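Take a look at the letters that make up each chain.
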Amino acid sequence: DAKTTQPPSMDCAEGRAANLPCNHSTISGNEYVYWYRQIHSQGPQYIIHGLKNNETNEMASLIITEDRKSSTLILPHATLRDTAVYYCIVRAQGGSEKLVFGKGMKLTVNP
Amino acid sequence: DAGVIQSPRHEVTEMGQEVTLRCKPISGHNSLFWYRQTMMRGLELLIYFNNNVPIDDSGMPEDRFSAKMPNASFSTLKIQPSEPRDSAVYFCASSSNDLIYNEQFFGPGTRLTVL
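Chains as they are written, first to last, in the working numbering: chain A, 66 to 176; chain B, 151 to 265.
Think of the hints as simulated: they come from the structure by calculation, not from any bench.
One or more hints might be untrue.
[Claimed, not checked] SDA-like cross-link-like pairs, simulated, lysine to any residue; straight-line CA separation at most 25 Å:
| id | chain 1 | residue 1 | chain 2 | residue 2 |
| --- | --- | --- | --- | --- |
| 1 | A | Lys171 | B | Met189 |
| 2 | A | Lys168 | B | Asp206 |
| 3 | A | Lys168 | B | Arg235 |
| 4 | B | Lys218 | B | Ile176 |
| 5 | A | Lys163 | B | Thr226 |
| 6 | A | Lys168 | B | Arg261 |
| 7 | B | Lys174 | A | Ser106 |
| 8 | B | Lys228 | B | Ile155 |
| 9 | A | Lys68 | A | Ala125 |
| 10 | A | Lys163 | B | Leu265 |
| 11 | A | Lys163 | B | Phe215 |
| 12 | A | Lys163 | B | Arg261 |
| 13 | A | Lys163 | B | Asn201 |
| 14 | A | Lys168 | B | Asn201 |
| 15 | B | Lys218 | B | Asn180 |
| 16 | B | Lys174 | A | Gln103 |
| 17 | A | Lys171 | B | Glu253 |
| 18 | A | Lys163 | B | Asp206 |
| 19 | A | Lys134 | A | Ser106 |
| 20 | A | Lys163 | B | Met190 |
| 21 | A | Lys68 | B | Lys228 |
| 22 | A | Lys163 | B | Glu164 |
| 23 | A | Lys134 | A | Asp76 |
| 24 | B | Lys228 | B | Thr263 |
| 25 | A | Lys171 | B | Thr188 |
| 26 | A | Lys163 | B | Val162 |
| 27 | A | Lys168 | B | Lys218 |
All of these numbers come straight from a predicted model, not from anything done at the bench.
Using the sequences plus the hints, can you model the full thing?
Structure (structure tokens):
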């Protein structure tokens with residue numbers, strides 16, 4: 066079972082920041098927060114991950130609360146191509162550790 | 151980089167037939183994962199290999215499903231006999247234990263339709 070809770074959907078205006086929330090209240094000390102997204106008809110794509118510090122890469126920023134029970138993925142300037150299902154996943158570090166996908170959250174970026 | 155390669159991209163078959171899905175992971179990756187995605191069940195892990203050895207096959211639905219990884223550059227997922235409820239998109243993904251981020255790279259998927 067997925068250990069995360071996300072709202073089922075969210076809309077965002079093109080060019081605005083999209084803030085995608087995720088709750089993971091039962092996260093363990095050795096578990097990371099991962100974000101993937103799946104654009105229609107494609108395989109999931111890795112976005113970012115973090116343990117307890119905020120992280121930023123060329124795609125997005127990840128803000129994790131101090132108690133690590135929730136996090137927010139931020140797409141600073143959403144484009145139409147960011148329309149996708151976004152998955153928040155917690156898992157232990159390790160290349161062979163499996164990902165458990167929940168239902169995810171459908172983000173629709175509107176023109 | 152070619153990325154993860156899956157074949158065929160689309161497969162239509164009749165109930166009872168054998169179906170073989172193929173995957174070529176990214177060169178140098180030592181973990182390989184097979185997922186299945188349906189509207190009802192979402193994206194679920196079927197089996198994964200590490201260094202060509204199956205580590206966890208608890209997601210394989212039943213004995214009709216089997217997966218092999220004879221070498222580091224090739225894996226197959228076989229369904230025999232196939233049933234209409236096996237219709238889904240099957241994704242293969244690979245990752246490297248040596249990568250700092252351990253991210254999984256997914257292939258484009260195989261859309262299977264069993265009539």
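Any hints this thing doesn't respect? Which numbers, in order? Hints 10, 14, 19, 21, 22, 26 and 27 not satisfied by this model.
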